[in-house]
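Chemist: If you want the building blocks of each chain, they are given just below.
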Amino acid sequence: NAGVTQTPKFRVLKTGQSMTLLCAQDMNHEYMYWYRQDPGMGLRLIHYSVGEGTTAKGEVPDGYNVSRLKKQNFLLGLESAAPSQTSVYFCASSLQGGNYGYTFGSGTRLTVV
Amino acid sequence: SQQGEEDPQALSIQEGENATMNCSYKTSINNLQWYRQNSGRGLVHLILIRSNEREKHSGRLRVTLDTSKKSSSLLITASRAADTASYFCANAGGGATNKLIFGTGTLLAVQP
Numbered sequence: 014n015a016g017v018t019q020t021p022k023f024r025v026l027k028t029g030q031s032m033t034l035l036c037a038q039d040m041n042h043e044y045m046y047w048y049r050q051d052p053g054m055g056l057r058l059i060h061y062s063v064g065e066g067t068t069a070k071g072e073v074p075d076g077y078n079v080s081r082l083k084k085q086n087f088l089l090g091l092e093s094a095a096p097s098q099t100s101v102y103f104c105a106s107s108l109q110g111g112n113y114g115y116t117f118g119s120g121t122r123l124t125v126v
Numbered sequence: 333s334q335q336g337e338e339d340p341q342a343l344s345i346q347e348g349e350n351a352t353m354n355c356s357y358k359t360s361i362n363n364l365q366w367y368r369q370n371s372g373r374g375l376v377h378l379i380l381i382r383s384n385e386r387e388k389h390s391g392r393l394r395v396t397l398d399t400s401k402k403s404s405s406l407l408i409t410a411s412r413a414a415d416t417a418s419y420f421c422a423n424a425g426g427g428a429t430n431k432l433i434f435g436t437g438t439l440l441a442v443q444p
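Listed in order, the protein sequences are those of chains A and B. Under our numbering, residues 14 to 126 are what the first sequence spells out, in order. Under our numbering, residues 333 to 444 are what the second sequence spells out, in order.
Source of the hints: derived by calculation from the structure; they are not laboratory data. Fair warning: this is a prediction, and the values are worked out from it, not measured in the lab. Careful, some of the hints might be misleading.
[Claimed, not checked] In the SDA-like style, the derived pairs of lysine to any residue whose C-alpha atoms are separated by at most 25 Å in a straight line are:
hint	chain 1	residue 1	chain 2	residue 2
1	A	Lys84	B	Thr429
2	A	Lys84	B	Lys402
3	B	Lys388	B	Gly348
4	A	Lys84	A	Lys27
5	B	Lys388	A	Gln109
6	A	Lys27	A	Lys83
7	B	Lys402	B	Val376
8	A	Lys84	A	Pro21
9	B	Lys388	A	Tyr113
10	B	Lys358	A	Pro74
11	B	Lys402	A	Gln109
12	B	Lys402	A	Lys27
13	A	Lys22	B	Thr436
14	A	Lys22	A	Glu72
15	A	Lys83	A	Gly64
16	A	Lys70	B	Asn430
17	A	Lys22	B	Thr416
18	A	Lys84	A	Pro96
19	A	Lys70	B	Gly348
20	B	Lys358	A	Lys27
21	A	Lys70	B	Thr436
22	A	Lys84	B	Val376
23	B	Lys388	B	Asp398
24	B	Lys388	A	Lys84
25	A	Lys70	B	Lys358
[What the hints assert, rightly or not] Now the in silico label distances, taken between C-beta atoms and shown as ranges:
hint	chain 1	residue 1	chain 2	residue 2	range
26	A	Thr20	B	Thr359	45 to 51 Å
27	A	Ser31	B	His389	28 to 34 Å
28	B	Thr409	A	Gln109	26 to 32 Å
29	B	Ser356	A	Thr33	23 to 29 Å
30	A	Gly76	B	Ala414	35 to 41 Å
31	B	Asp398	A	Gln30	28 to 34 Å
32	B	Ser360	A	Gly64	24 to 30 Å
33	B	Asn350	A	Val25	41 to 47 Å
34	B	Ala413	A	Val101	42 to 48 Å
35	A	Met32	B	Thr409	43 to 49 Å
36	B	Glu385	A	Gly29	29 to 35 Å
37	A	Phe23	B	Thr359	34 to 40 Å
38	A	Ser93	B	Gln341	30 to 36 Å
39	B	Pro444	A	Thr67	36 to 42 Å
Glycine is no exception: its CB is placed at the ideal position from the N, C-alpha and C atoms.
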């Protein structure tokens, strides 16, 4: 049972480039989330999904887009990367939102130069 | 921001001692959760306490919740070097249970 898998684990982008981060879960969870973690700021919610085909904005959605075409996958896109998006990105899933514990992926470390 | 705060920001203790971390939050909650994050890894769910509970135990972990003070504490008893990690509280605040809002974390160092 893999849980939550994030790819890639590391990436360096140049300013203005685009990329997609992939999150896959095999637990049949309805809810999926993308957070970013920056030093001293904890985790901040970017976007989330409450089921296949749905997405919603979190606390810091600007500069990011997401898609949930399949229940097991949640994609995070950066259309035009900026240095301010240098961060560690975590995907998480949950059976039923905040009423249950989250299962986290191991993270993607992104550097934008 | 609904983000909670952990106190202290950093804590250093000796192996075998108890470690206590506190969490304050801003809105009414459905439940409060604690997570551990080892360096360079993802977060791991430790324990969930519901708003109608006052105390919960799991192994060496003890969590308390005081909804009147909007605060929670995590106690790790008989700490071990392997407990060295960052600890985060999280809550589904403001009546919205779709998502968790995380605090800024406490960095615990357990010296062998």
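Chemist: The structure should be examined with respect to each hint, and the outcome stated for every one.
Modeler: Results for each hint:
1. Distance hint between Lys84(A) and Thr429(B) is fulfilled; the C-alpha atoms sit about 20 Å from each other, no more than 25 Å.
2. Distance check on the hinted pair: Lys84(A) and Lys402(B) sit about 35 Å apart at the alpha-carbon level, beyond 25 Å; violated.
3. The hinted pair formed by Lys388(B) and Gly348(B) meets the criterion: a straight-line CA distance of about 21 Å does not exceed 25 Å.
4. Using a Cα cut-off of 25 Å, the hinted pair Lys84(A) and Lys27(A) is violated, with the two alpha carbons roughly 31 Å apart.
5. Taken as a hint, the Lys388(B) and Gln109(A) pair is honoured in the structure, with Cα atoms around 21 Å apart against an allowance of 25 Å.
6. Our distance criterion of 25 Å between C-alpha atoms is broken by Lys27(A) and Lys83(A), whose separation comes to about 30 Å.
7. About 23 Å separates the Cα atoms of Lys402(B) and Val376(B), which keeps this hinted pair within 25 Å; it holds.
8. Taken as a hint, the Lys84(A) and Pro21(A) pair is honoured in the structure, with Cα atoms around 20 Å apart against an allowance of 25 Å.
9. The suggested pairing of Lys388(B) with Tyr113(A) holds, with an alpha-carbon distance near 16 Å, which does not exceed 25 Å.
10. Taking the CA atoms of Lys358(B) and Pro74(A), the gap is near 22 Å; set against the 25 Å cutoff, the hint holds.
11. Distance check on the hinted pair: Lys402(B) and Gln109(A) sit about 24 Å apart at the alpha-carbon level, within 25 Å; holds.
12. Between Lys402(B) and Lys27(A) the CA atoms are separated by roughly 43 Å; this puts the pair beyond 25 Å, and the hint is violated.
13. Only pairs whose Cα atoms come within 25 Å are accepted, and Lys22(A) paired with Thr436(B) is accepted, the gap being roughly 23 Å.
14. Restraint check for Lys22(A) and Glu72(A): the C-alpha separation of about 23 Å stays at or below 25 Å, so the hint holds.
15. For the given pair, Lys83(A) sits about 9 Å from Gly64(A) by alpha-carbon distance, which is consistent with the 25 Å threshold.
16. Of the supplied pair hints, the one linking Lys70(A) and Asn430(B) holds, its CA atoms being roughly 12 Å apart against a limit of 25 Å.
17. A distance of roughly 23 Å separates the Cα atoms of Lys22(A) and Thr416(B); the hinted pair therefore holds under the 25 Å criterion.
18. Taking the CA atoms of Lys84(A) and Pro96(A), the gap is near 31 Å; set against the 25 Å cutoff, the hint is violated.
19. Between Lys70(A) and Gly348(B), the direct Cα distance comes to roughly 44 Å. Violation of the 25 Å bound is thereby established for this hinted pair.
20. Distance hint between Lys358(B) and Lys27(A) is unfulfilled; the C-alpha atoms sit about 39 Å from each other, more than 25 Å.
21. Under the criterion of a C-alpha separation no larger than 25 Å, the hint pairing Lys70(A) with Thr436(B) is consistent with the structure, at around 21 Å.
22. Restraint check: the Cα-Cα separation between Lys84(A) and Val376(B) comes to about 22 Å, which is no more than 25 Å; the hinted pair holds.
23. With a C-alpha separation of about 12 Å, the suggested pairing of Lys388(B) with Asp398(B) holds against the 25 Å cut-off.
24. Between Lys388(B) and Lys84(A), the direct Cα distance comes to roughly 33 Å. Violation of the 25 Å bound is thereby established for this hinted pair.
25. For the suggested pair Lys70(A) and Lys358(B), the alpha carbons sit about 21 Å apart, so the restraint of at most 25 Å is met.
26. Remark: the range hint 45 to 51 Å for Thr20(A) to Thr359(B) is contradicted by a beta-carbon distance near 35 Å.
27. Checked against the given bound of 28 to 34 Å, the beta carbons of Ser31(A) and His389(B), roughly 48 Å apart, lie outside it.
28. Judged by the Cβ atoms, the range 26 to 32 Å given for Thr409(B) and Gln109(A) holds: they are separated by roughly 31 Å.
29. A C-beta distance of roughly 37 Å is found between Ser356(B) and Thr33(A), which places it outside the suggested range of 23 to 29 Å.
30. Range check, Gly76(A) to Ala414(B): about 38 Å between beta-carbon atoms, so the 35 to 41 Å window is met.
31. For Asp398(B) and Gln30(A), the Cβ-Cβ distance of about 48 Å falls outside the hinted range of 28 to 34 Å, so the restraint is violated.
32. Separation of Ser360(B) from Gly64(A) is about 25 Å and conforms to the stated range, judged on CB atoms against 24 to 30 Å.
33. Separation of Asn350(B) from Val25(A) is about 42 Å and conforms to the stated range, judged on CB atoms against 41 to 47 Å.
34. Between Ala413(B) and Val101(A) the beta carbon distance is about 24 Å. The supplied range of 42 to 48 Å is therefore violated.
35. Between Met32(A) and Thr409(B) the Cβ separation comes to about 44 Å, which falls inside the hinted range of 43 to 49 Å.
36. A hinted range of 29 to 35 Å is violated for the C-beta pair Glu385(B) and Gly29(A), which are about 50 Å apart.
37. Phe23(A) and Thr359(B) have their C-beta atoms about 36 Å apart, which keeps the hinted 34 to 40 Å range intact.
38. Distance hint for Ser93(A) and Gln341(B): a CB-CB separation of about 34 Å, consistent with the stated range 30 to 36 Å.
39. Range check, Pro444(B) to Thr67(A): Cβ separation about 48 Å, and the 36 to 42 Å hint is violated.
Hint check: violations occur at hints 2, 4, 6, 12, 18, 19, 20, 24, 26, 27, 29, 31, 34, 36, 39; the rest are consistent with the structure.
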